[in-house]
Amino acid sequence: MRFLLDTEQRAFAASLDAMLTSADTPSVVRAWATGDHAPGRALWSRLAGAGVFALAVPGAYDGVGPLPVELAVAFVELGRHGVPGPLVETVAAAALLSGLDESGPAKRLLPSLASGETMATVALPGGGTYVLDGDVADVHLTVRAATSATAGLHLTPTPVGASSAPRASLDPARRLVLPHSGGELLAAGPHVARAAAHALIWARLATAAQALGVGLALLDRTVGYVKQRRQFGVPVGSFQAVKHRLADALIGLEFARPLLFGAALSMAPAHVAAAKVAACEAAYVAARTALQLHGAVGYTDEYDLSLWLTKARALRAAWGTPAACRAEVLCG
Amino acid sequence: MDLAHSPADEAFRAEARAWLDAHVPRVALPSLETEEGFAAHRAWEAELAADRWSVVSWPAAYGGRDADIVRWLVFEEEYYAAGAPGRVSQNGISLLAPTLFEHGTLEQRARVLPSMASGEVIWAQAWSEPEAGSDLASLTSRAVRTDGGWLLSGQKTWSSRAAFADRAFGLFRSEPDTPKPHQGLTYLMFDLRAPGVTVRPIGRLDGKPAFAELFLDDVFVQDEDVIGEPSRGWRVAMSTAGNERGLTLRSPGRFLASADRLVDLWRSRADPADTALRDRVADAVIGARAYQLFTYANASRFLDGESIGAEASLNKVFWSEYDIALHETALDLLGPEGELADTDWSEGYVFSLAGPLYAGTNEIQRDIIAERLLGLPKGRR
Numbered sequence: 001m002r003f004l005l006d007t008e009q010r011a012f013a014a015s016l017d018a019m020l021t022s023a024d025t026p027s028v029v030r031a032w033a034t035g036d037h038a039p040g041r042a043l044w045s046r047l048a049g050a051g052v053f054a055l056a057v058p059g060a061y062d063g064v065g066p067l068p069v070e071l072a073v074a075f076v077e078l079g080r081h082g083v084p085g086p087l088v089e090t091v092a093a094a095a096l097l098s099g100l101d102e103s104g105p106a107k108r109l110l111p112s113l114a115s116g117e118t119m120a121t122v123a124l125p126g127g128g129t130y131v132l133d134g135d136v137a138d139v140h141l142t143v144r145a146a147t148s149a150t151a152g153l154h155l156t157p158t159p160v161g162a163s164s165a166p167r168a169s170l171d172p173a174r175r176l177v178l179p180h181s182g183g184e185l186l187a188a189g190p191h192v193a194r195a196a197a198h199a200l201i202w203a204r205l206a207t208a209a210q211a212l213g214v215g216l217a218l219l220d221r222t223v224g225y226v227k228q229r230r231q232f233g234v235p236v237g238s239f240q241a242v243k244h245r246l247a248d249a250l251i252g253l254e255f256a257r258p259l260l261f262g263a264a265l266s267m268a269p270a271h272v273a274a275a276k277v278a279a280c281e282a283a284y285v286a287a288r289t290a291l292q293l294h295g296a297v298g299y300t301d302e303y304d305l306s307l308w309l310t311k312a313r314a315l316r317a318a319w320g321t322p323a324a325c326r327a328e329v330l331c332g
Numbered sequence: 001m002d003l004a005h006s007p008a009d010e011a012f013r014a015e016a017r018a019w020l021d022a023h024v025p026r027v028a029l030p031s032l033e034t035e036e037g038f039a040a041h042r043a044w045e046a047e048l049a050a051d052r053w054s055v056v057s058w059p060a061a062y063g064g065r066d067a068d069i070v071r072w073l074v075f076e077e078e079y080y081a082a083g084a085p086g087r088v089s090q091n092g093i094s095l096l097a098p099t100l101f102e103h104g105t106l107e108q109r110a111r112v113l114p115s116m117a118s119g120e121v122i123w124a125q126a127w128s129e130p131e132a133g134s135d136l137a138s139l140t141s142r143a144v145r146t147d148g149g150w151l152l153s154g155q156k157t158w159s160s161r162a163a164f165a166d167r168a169f170g171l172f173r174s175e176p177d178t179p180k181p182h183q184g185l186t187y188l189m190f191d192l193r194a195p196g197v198t199v200r201p202i203g204r205l206d207g208k209p210a211f212a213e214l215f216l217d218d219v220f221v222q223d224e225d226v227i228g229e230p231s232r233g234w235r236v237a238m239s240t241a242g243n244e245r246g247l248t249l250r251s252p253g254r255f256l257a258s259a260d261r262l263v264d265l266w267r268s269r270a271d272p273a274d275t276a277l278r279d280r281v282a283d284a285v286i287g288a289r290a291y292q293l294f295t296y297a298n299a300s301r302f303l304d305g306e307s308i309g310a311e312a313s314l315n316k317v318f319w320s321e322y323d324i325a326l327h328e329t330a331l332d333l334l335g336p337e338g339e340l341a342d343t344d345w346s347e348g349y350v351f352s353l354a355g356p357l358y359a360g361t362n363e364i365q366r367d368i369i370a371e372r373l374l375g376l377p378k379g380r381r
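Order-wise, the sequence lines are chains P and W.
UniProt numbering applies: residue 1 is where the first sequence begins, and numbers increase by one.
UniProt numbering applies: residue 1 is where the second sequence begins, and numbers increase by one.
In isolation and in its complexed conformation, chain P is listed as follows (with noise of 0.2 Å):
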């Protein structure tokens, strides 16, 4: 029993802190939700290069996964530096091809997903109503599910065609399309739905560390601001008001932490679940403590601080709702 990360795991989040430090990436994210996706491409292959795809992927295919507990403190990472993309959906389809019976598929596609080259987007069945970022994304990979016996997974290889124009989300660097009909079929049967369920299980440990981080972001950037912002001739972080607020907040986030990694642990969904319930919760009252206390500079769009504003409200729907995780929570 040491329920700590190790020294290793500590360094690989400092390593990827400091390059999404240098990297701009809220540059990244203004020039994602216009549509010029080049400076996220080469964020996506230096970060492919640090090895955060391939913590998904087996070592068969050239990742060094499945390592649960490392892609964690990655997503963690991407959350805190509002990294856009479809990170999750890309981990989600690795966990998906290597979680399937035959091998065919995974020896195809998930050598270019571990090393950054293909981007994959992904609609499960239980993982919502929308495809992300699909105007993008190199593959589109569907599984559709009538019964778990009919269960079969299709791939559509380019953004072209895309099954309908995108539509925007709360969060401007999120972009939305519908799930594609057709496709050339990949796999078949009940081992496709078992892979999917599996698929899910990461999406949502994924979408939990990333609300993580969205929601430690806030929480930094909002402590930062009330220390400096003066009225009535003190720093607003003197108030006792202002501080209960943030103690709120942290208390959420710091509990939602051992979950995160207590999930990541057991890949139980039931602990998966409970995870993605106390992240998305504790980031979402972090991102409603973060405006309350910025005044109306934080409700701009110009200022940085809305990059995980609405990141935060996006991602409590994306991989499961509350009102899902929670029903999974007492299923366990």
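The set of hints was computed from the structure by calculation and includes no laboratory data.
Hints should not be assumed to be uniformly reliable.
[To be verified] Beyond 12 Å from chain P on every Cβ pair, some chain W residues (computed): (1) 2; (2) 62; (3) 105; (4) 154; (5) 176; (6) 225; (7) 234; (8) 287; (9) 290; (10) 297; (11) 314; (12) 339; (13) 350; (14) 363; (15) 371.
[Unchecked claim] Okay, the calculated bits of chain P under chain W, using three or more residues with CB under 8 Å as the criterion: (16) 17-28; (17) 124-133; (18) 200-210; (19) 270-277.
[As the list claims (entries may be wrong)] Computed list of lysine to aspartate or glutamate pairs in EDC-like fashion (alpha-carbon distance at most 20 Å, straight line): (20) 378/W x 220/P; (21) 107/P x 138/P; (22) 227/P x 138/P; (23) 378/W x 363/W; (24) 180/W x 120/W; (25) 227/P x 371/W; (26) 227/P x 248/P; (27) 378/W x 138/P; (28) 180/W x 107/W.
Quick caveat: nothing in here was measured; it's all calculated off a predicted structure.
C-beta atoms are modelled at their ideal positions from N, C-alpha and C, and glycine is treated no differently.
Given the structure of chain P, go ahead and fit chain W onto it with the hints provided.
Structure of chain W alone, referenced to chain P:
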């Protein structure tokens, strides 16, 4: 990163579980806030102590099992999962004993600890005064030097367990004119039945005398009952307060067991269409697990040699608010029966309501979190 326990720790768990299976009373004891219940709980402490289960984290020399913090957590998980009674000796075991291990003399430990472990002497805390609660350093009760000891005078209040307890511990002002209020305080133990002590039980919300006022009129205390140096009691007391808020006052085992019982209640009672109630039950399960894992993370840091400082305040706010939410959910699940007094759930509910008030109010804890963990500037309270 690892949550698995060692085979030795699992063997310890199995031993505890077997003992508890054989000994936990089949019928719940009456409330420990009644005279009858207090006596029954005292007898239970003696039964625990007979097989060295009352103070597992203490050294064997004092009746313990030298359990480290992980084993203590394991024991608590088993203890509450077995439905064992609440601990009437908790004030002594979790507040006074750690203070004695840190600041007491060998003579004090030898004299005080064995009878605490067996439940023969039950301890009450005597911190608060009518004008000194959250601002504890403003206390005014006095300890005046006399031949061979001290004379205590003044008034203490909200003294938990004092209605039926034997002895108490608290802070007294031994130097009236110091530049700062937390200087000149002495940490003393005293007998609740000594001449000059008047105990006036106070009924809590449901009328049960869960605490008391203490009126002290030249109560003699021998020098041997001073913990640490005279007039340097604040530092001693603060290490005790850290224990109170930190790892040992509320074990995760208690909430894990309560959350399990809540899920059982929900399965047997709930209207499946009431998703709002379902969500609250799920949140109780999530909160119990969060608290367990947070505690294991802190225990790991503790075993690495780090100290748990202001983080204890995160813990205190979390468990005290969690405890109320858990019990509110249970009462709502019970519907009209939730109104009944003297059930396990209603007893737990009344008990939980005090959580945000004692051990430093949650407002004080949030100030500590904001100033020491987030680095926000001090301001007017």
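Any hints from earlier that this structure breaks? Give me their numbers in increasing order, please. 1, 8, 9, 10, 11, 14, 15, 16, 17, 18, 22, 24, 27, 28
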